[in-house]
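**Student:** So the chains spell out like this:
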Amino acid sequence: MPTNRPSSARFALRQWNWVVPAFVAPAALILIVLMALPMANAVVLTFQFWNGMTPPSWIGLSNYQTLFSEPLFWSALRNTAYYTIATVVLKTSLPLILASLLSSGVRFSVFFRTMYFMPVVISLAISGLLWKMIYEPNFGLLNETLRFIGLGNFTQIWLGSSNTVMPSIIAVSLWQGLGFYLLIFYAAIQGVPSDLYDAAKMDNANALRRFWHVTVPMLRPVIVLVIVLNTINGVKVFDQVWAMTAGGPNHASDTLGTYLYSTAFGSVGNPQFGYATTIAMVILVLSAVLSIIQIRIGRRQEVEY
Amino acid sequence: MTDMTEASVLLARPAIPYGRFAHYFGRAAIYSTLGAIGALQAFPLVWLVVTAFKNPREVFNSFLPSQLDFSNFVRVWSNLNLPGHLINSLYVTSLTVAITLAAATLAGYVFARFRFFGRDALFYIFLAAMMIPSQTILIPMFQFLKQIGLINTLTGLSFSYLGSAVAFSVFLMRSFFVSLPKELGDAARMDGAGEFRTFWYVYLPLAKSGVATVVIIQSMSVWNEFMFANTFISSPGLKTIQSAVFQAVDEFSTDYGALCAGLMLALMPIVIVFLVLQKQFVRGLTAGALKG
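Residue numbers (this note's numbering), protein chains in the order written: chain A, 11 to 315; chain B, 38 to 329.
Be aware that a few hints might be false.
[Claimed, not checked] In the DMTMM-like style, the derived pairs of lysine to aspartate or glutamate whose C-alpha atoms are separated by at most 25 Å in a straight line are:
id, chain 1, residue 1, chain 2, residue 2
1, B, Lys316, B, Asp287
2, A, Lys142, B, Asp292
3, A, Lys142, B, Asp223
4, B, Lys245, B, Glu220
5, A, Lys142, B, Glu220
6, B, Lys219, B, Glu288
7, B, Lys183, B, Asp157
8, B, Lys245, B, Glu232
9, A, Lys142, A, Glu154
10, A, Lys142, B, Asp106
11, B, Lys219, B, Glu232
In short, the hints are calculated from the structure, not lab data.
Could you build the full structure based on these sequences and the hints that come with them?
**Tutor:** Here it is, written out as structure tokens:
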């Protein structure tokens, strides 16, 4: 370590001087006023009844009691779990496989990456609206196409039936997120030393083995990162679901995000802000706990080379 | 270790002759997989553009329009006041990105270059703030904006994004400044440059890729944000493009031509920026995720 040599003392980090408070102040102020205070208020709100008109009143743990005895909450939690597990599996495995195919020296890889990436830049709400048109049962693109190619029996009321609504939403999420995670994996694969692949080839490892025994272990930290990102995005999913179904039909696609939103801003004249914030706390705790567990597991099973 | 030894035992089998046929077959399989998924990814957007140019009578008849029809665009452009909503979005995005960039560059620099009491604790607070789902502050923020009289204003909407935007950007900027050599600043100081000049003339120009990353990530997320925009703005004239289009869906419910034209116009700005700045976009977003 260079810190042992006296000459390197001038390379050490700078000590405290006027720059520190002056430069940190704007960011700290923003963080306190626009993040820490709202967070503290959110905790307070979970113990209150507030409808936005009359002043909030203290009701103790009543919001939490209502929450855990409310069937709609449990079904929202179930749907959120379903969505999160499905998107974590699909939006991690498929992008990883496609990224390694793209890295296997194919031509036009820039073209493919652009095509895959395009949906990423579109807002979740707009892609929800676009897919709502595609899923429309009578003249939507999907059913029209199925009828056109003679698979008319497979047409569905995609977003209108409780059996198909969640898979349909998950498909949209995969469509939209695929390119993003693919690019993360692609960038990470470029960083894997190529002699590892050469050595594997010398040992006659076929492509599948190279993928499983070189790519996957080398990308382990990135895979954990993608799983964590997918989990956080899954637990708080809102935009696409709200744009496509608003939680319907009959709460079949209600997630914690849409359930929260409809209790706060959905039903006109009866906003329950305290209760809605209690749902938000569940989202916060779930995403924090799940991502910490995943990072822990990811670290523990790290392989040494 | 066990994983690798097991692997080398498995891999030490005699070579399977890997013929030409197998090679071309493999390549063909890879290309057709990539092509098919690429087509699936592109198709909804192609359909959107094609439908936007169809005559309303043709929308459900054939895939391609018999002739380009711009009437859908005319109808949405005038009925929806799209230019107004685009300007609203532009205002919120620029204001948020400008404030975020200024605050995050300064703080990120200090976190990377200085050692002071409580630095790590403070940094972990920023890190934690980054992970907070926006739903958690939705209602308190609504309450707060109402109290300070900024509910239903574009400036208030912009403020509502600042907390998480600054937290994430401080984190990013710090990681860019950390990668720059400390000797540069020492040399500048020896030449008599003050603290601010060292930051402004020596380090900031070198952190350009960090600045670009912050601008790209934050512009995209603010431009595309829907939940806060749809909640904090109630005046129709002040709506951002995302929530304006969302509201318009009922109005144009079966007019798919107009709806497609509206969606297309709403996502055109960001798609154009993406296509022009593709390299920076991809580098910025992956850097953002990998460093985050």
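**Student:** Take the hints in turn and mark each one as holding or not.
**Tutor:** Evaluation of the provided hints:
no.: 1; hint: B:Lys316 <-> B:Asp287; verdict: violated (38 Å)
no.: 2; hint: A:Lys142 <-> B:Asp292; verdict: holds (13 Å)
no.: 3; hint: A:Lys142 <-> B:Asp223; verdict: violated (58 Å)
no.: 4; hint: B:Lys245 <-> B:Glu220; verdict: holds (19 Å)
no.: 5; hint: A:Lys142 <-> B:Glu220; verdict: violated (56 Å)
no.: 6; hint: B:Lys219 <-> B:Glu288; verdict: violated (59 Å)
no.: 7; hint: B:Lys183 <-> B:Asp157; verdict: violated (34 Å)
no.: 8; hint: B:Lys245 <-> B:Glu232; verdict: holds (19 Å)
no.: 9; hint: A:Lys142 <-> A:Glu154; verdict: holds (14 Å)
no.: 10; hint: A:Lys142 <-> B:Asp106; verdict: holds (23 Å)
no.: 11; hint: B:Lys219 <-> B:Glu232; verdict: holds (13 Å)
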